[in-house]
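From these two lone chains plus the hints, build me the complex, please.
This is what each chain is made of:
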Amino acid sequence: EAGVVQSPRYKIIEKKQPVAFWCNPISGHNTLYWYRQNLGQGPELLIRYENEEAVDDSQLPKDRFSAERLKGVDSTLKIQPAELGDSAVYLCASSSPIGQTYEQYFGPGTRLTVT
Amino acid sequence: AQKVTQAQTEISVVEKEDVTLDCVYETRDTTYYLFWYKQPPSGELVFLIRRNSFDEQNEISGRYSWNFQKSTSSFNFTITASQVVDSAVYFCALSGTYNFNKFYFGSGTKLNVKP
Chain F
697 EAGVVQSPRY
707 KIIEKKQPVA
717 FWCNPISGHN
727 TLYWYRQNLG
737 QGPELLIRYE
747 NEEAVDDSQL
757 PKDRFSAERL
767 KGVDSTLKIQ
777 PAELGDSAVY
787 LCASSSPIGQ
797 TYEQYFGPGT
807 RLTVT
Chain S
64 AQKVTQAQTE
74 ISVVEKEDVT
84 LDCVYETRDT
94 TYYLFWYKQP
104 PSGELVFLIR
114 RNSFDEQNEI
124 SGRYSWNFQK
134 STSSFNFTIT
144 ASQVVDSAVY
154 FCALSGTYNF
164 NKFYFGSGTK
174 LNVKP
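Going line by line, the protein sequences match chains F and S.
So for the first sequence, my numbering puts the first residue at 697; every next one is plus one.
So for the second sequence, my numbering puts the first residue at 64; every next one is plus one.
Pulled out of the complex, with its shape left as it was, chain S reads as follows (with noise of 0.2 Å):
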């Protein structure tokens, strides 16, 4: 079965600060997805991020970066220098070999700066 888990459901910090997102998934697939998306008070989910199970290079894209490591099933989301536009829901997603298109959303972390 697949499973994601996103323990931190609200964090809030003062604008500037660093920020950890985590997500950890559960899988039997070997080959597998990960995802992260942003869902601000729009409501239109933004995708930011596809990682595949055999890919575990920490990967960083402007304050963005993201450590995946197999050996504890997670998949963290750091946002460094927070800013208030970062305020939004973001979501852990994983889809497994046998339905690449079926993803499986973790419940979402709320975060909230503040200017």
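Bound conformation, chain F alone (with noise of 0.2 Å):
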């Protein structure tokens, strides 16, 4: 079974520029989650999706920060314009209900450098 996809694995961009991040859930999950992950810090939740709404985004940075899940699958995070501490680990995540075992399954990540 293939894992969750992100892409890309790294950026770096300049400051005031925008950025997206691509992530592909694994197959069958219906909830799909974006995590900012800074150095040395565990992840903190940005937004997390059930099928295509969007049912928790308190800590998404609404004023440059947006994010979509067309047709409930795949997902686009989205940061215009980026700042320079807006540099992290950038995770993706997707989890399933069955069985209610609520387990996250995390893609590799993409790692922002803002300069």
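Some hints could be false.
Think about it this way: if two alpha-carbon atoms lie no more than 30 Å apart in a straight line, the pair counts; the simulated DSSO-like pairs of lysine-lysine are [unchecked claim]:
no.	chain 1	residue 1	chain 2	residue 2
1	S	K66	F	K774
2	S	K165	S	K79
3	S	K173	F	K707
4	S	K165	F	K767
5	S	K133	S	K66
6	F	K707	S	K165
7	S	K101	F	K707
No lab work stands behind these hints, which were simulated from the structure alone.
Here it is in structure tokens:
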């Protein structure tokens, strides 16, 4: 079974530029998460989708961050404009409520460097 | 409020030594889940174990074992006979009654296993 796929793996941009990250969850997983992981810290949730609906976006900086999950499968996270403080690893995860086990499966992440 | 504390920032051991990674959690929920994840240098968080609050049995999986003690709000992870491949950052996470999909991660413990 294929895992969570993310692209790109690395991205270097100048501040004020836009950037987008893409995620393809595990097939059949209807819950998708975007996390941000700063250096030396644990992941912090940015947004959670149940199918196409964003059910928890309380930690998403909505002035510059946006996300979408069209058709309830792939998802894109966008930052516009990027700031120096946005440098981090952006992780995508997915889970399925089947069996109500709740564990989340993570992709390899996108390491963003803003210069 | 949910909180996970991993007080050990970094641990170094020599191969074949046993090592215990500590995790202390805070929650007011009576039902909750605890998780351990491994993050190797490649960046992808790998699910290791899930434990619900009603199951205090310790678990052993090969060289890995977990000790869950509600009395001390701890969920510690022991690696027996450590190997170089165990070198990674290990995260403990908590999710609570009102939203089992929302994970609260600790800051992680970096384990260095030297040959």
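Against the structure, the hints:
Distance hint between S/K66 and F/K774 is fulfilled; the C-alpha atoms sit about 28 Å from each other, no more than 30 Å. Between the alpha carbons of S/K165 and S/K79 the distance comes to roughly 36 Å, so the proposed pair goes past 30 Å and is violated. Distance restraint check for S/K173 and F/K707: the Cα-Cα separation of roughly 25 Å lies within the 30 Å cut-off, and the hinted pair is therefore satisfied. Taking the CA atoms of S/K165 and F/K767, the gap is near 23 Å; set against the 30 Å cutoff, the hint holds.
This hinted pair checks out: S/K133 and S/K66 have alpha carbons roughly 15 Å apart, not beyond 30 Å. A hinted pair counts as satisfied when its Cα atoms are at most 30 Å apart, and F/K707 with S/K165 qualifies at roughly 27 Å. Taking the CA atoms of S/K101 and F/K707, the gap is about 24 Å. The hint holds against a cut of 30 Å.
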